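A.B. asks: Given these sequences and hints, build the entire structure.
Protein sequence lines, in the order shown, are assigned to chains E and A.
Counted from 1, the first sequence has number 152 at position 152 by this note's numbering; the numbering is strictly sequential.
Counted from 1, the second sequence has number 79 at position 79 by this note's numbering; the numbering is strictly sequential.
Everything labelled a hint here was simulated from the structure, so no lab data went into it.
Some clues are possibly wrong.
[Unchecked claim] When the alpha-carbon atoms are kept at most 25 Å apart in a straight line, the in silico SDA-like pairs for lysine to any residue are as follows: (1) A:Lys-162 to A:Asp-149; (2) A:Lys-162 to A:Phe-172; (3) A:Lys-162 to E:Leu-20; (4) A:Lys-162 to A:Thr-174; (5) A:Lys-162 to E:Gln-232; (6) A:Lys-162 to E:Phe-23.
None of the values given here were measured: they were computed from a predicted structure.
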Amino acid sequence: MSRRGETVLNYAVLTLFAVLAVFPVLGVVFSAVTPPAQSSPSFTVPHSLYLGNFATAWQQGHFGTYLRSSLLVAVVTVLLTSVLAILAGYSFATFRFPGRGVLFAVTLVGLMVPAEAFVIPLYFDLRGVGVTDTYWALILPQTAQSLGFGVFWMRNFFRSVPSSIVEAAQLDGAPDFTRLWRILVPIGRPALLTMAMLVFMWTWNEFLLPLVMVTSDGLRTAPLGLTFFQGQHTTQFSLLAAASMVVALPVVLLYMFLQRHFIRGMLAGALRD
Amino acid sequence: MAVDARTATRRDTAQAGAPRRRRRIQWVGYLYILPALAVLTVFLLVPLGQCVQISLYHWDGLSPATWAGVANYVDLARDPVLRSGFGHTLVLVVGFAVLPILFALTLVAVMGRAVKLRGLSVYRVVLFLPQVIASVVVATSWVAIYAPDGVLNGFLALIGLKMVTRPWLGDFGTALPAVGLIGTWVEIGLCLVLFLAGVAQIPRELYEAARLDGAGIVREFFAVTLPGLRGQIAVALTLTVIAAFKTFDLVYVTTHGGPGTSTVVPAYLIYDRAFNLSQVGSACAVGVVLTAVILVITLVINRVSGGGE
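C.D. replies: Below you can see the structure in the form of structure tokens.
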């Protein structure tokens, strides 16, 4: 095939998948600006732009509170996971100590265990010490859940760092801890951003834990709030779409922002040309 | 630049260099893993152990528990709903894991040679979009797509297939595959971003060598990209298969396990039994079995893919 034909084929394949990915999203956006009278699930393009759905959903659904809860829980979980995963990943990748393999395997168990398997006893444990219905009941279990992947991911990164860089840092005489944060972590920014992005998304999307752990309306995260809102407005598709956009938009915007860094970091790649 | 060149040549010797380190035990290693391990233990491993313990009791969550032995497990083996729940998960694995990985590999095969395409980063952003949208939002929009008067039936009627239109999530035959296809839509982005990150780590010289050898897009993919992506494929497979087994939100929002029990999955059974039916012991038994199945599958995937490491 000619070079030009190949390029056209590439664009055709990419465009097809891109359209498939974006289609339901556009459907939600169009529904959200459709007047309630014209509301239907069939994603029709509205006759006129109507923004009242957002105001109605915001007022009736307490989405301001839900978004604040979601943001707080997700940010703290990402920070905690990153620090703990960097430390543990670095240790598993570079230090030699008895039981390293076994302890790493134990960490990986956290990557595989479904939340459903520990959320029930955890609920009764945390209720026993009065921690349910607090942000900690959402942050700490989700940090634990993210650590399996985080440690696995950071260990793989630290193992991939060429020994020349580690040796150069050792010649500096820098102690281990300084070397980790001054040299290796900055090099690992692309890997770190990927991890932070994934953990942020998982935490934001998490539904079962908030559903089980939190009963106060003021602590509900955005997805949980949306299902409550959904229960009250089953067939009002335009209103549901507006609420859905409110829940999804902050992450989508942050993603656009992080994705640029992520792609730039990936292409520039501190360790390659 | 000089550093970059040295880095590239040192890459292959990095592994061989490791054993040269001193052999003495580095106790500080324990200190670095302690915080992570503590959080994991308190909030995940201990409750997991308790789950095994509770599964051996009859307990409604309030009154004192009574010893049940393996009764909860025997119930599960006899319970057709639970058995079908695990069967349903296999259908979801096709939707969540098999299809997305095949699609993403196809895309990477196309894009691997297309590094110079303009606007590639825009496509990447769009393709990954489903992954960042809260699953409850995803479910809400697909409910509208699958609705009786929704967009899918409208499209089918438009192209003259009115006879196959149906309420996709309300039909016993189509509800489960319909949920699985939502998973496909969600997971393609994750697989793709993982594979693209992996391709970026494959030494460019390998591609240049393949091109000098006159390798076409297919041979290049099988000779360079696929072997180079083995680790990422293992990660993607592990994550997506587990996602399929963990499926809860999508079923909770779209079908609540229905119609009948046609989309009941283990995770939904666990929640339903523990918090709606007050059968906490039985719910924990499902949790233990689900965890065991996931562990076995994950170990098999890693054993098969990580043979060389």
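A.B. asks: The structure should be examined with respect to each hint, and the outcome stated for every one.
C.D. replies: Do the hints match the structure? See the list:
A distance of roughly 12 Å separates the Cα atoms of Lys-162 of chain A and Asp-149 of chain A; the hinted pair therefore holds under the 25 Å criterion. Restraint check for Lys-162 of chain A and Phe-172 of chain A: satisfied, since their Cα atoms lie roughly 19 Å apart, inside the 25 Å limit. Between the alpha carbons of Lys-162 of chain A and Leu-20 of chain E the distance comes to roughly 22 Å, so the proposed pair stays at or under 25 Å and holds. For the hint pairing Lys-162 of chain A with Thr-174 of chain A, the CA-to-CA distance comes to about 16 Å; that is within 25 Å, so the pair holds.
Using a Cα cut-off of 25 Å, the hinted pair Lys-162 of chain A and Gln-232 of chain E is violated, with the two alpha carbons roughly 32 Å apart. Restraint check: the Cα-Cα separation between Lys-162 of chain A and Phe-23 of chain E comes to about 22 Å, which is no more than 25 Å; the hinted pair holds.
Of the numbered hints given earlier, the model fails hint 5 alone.
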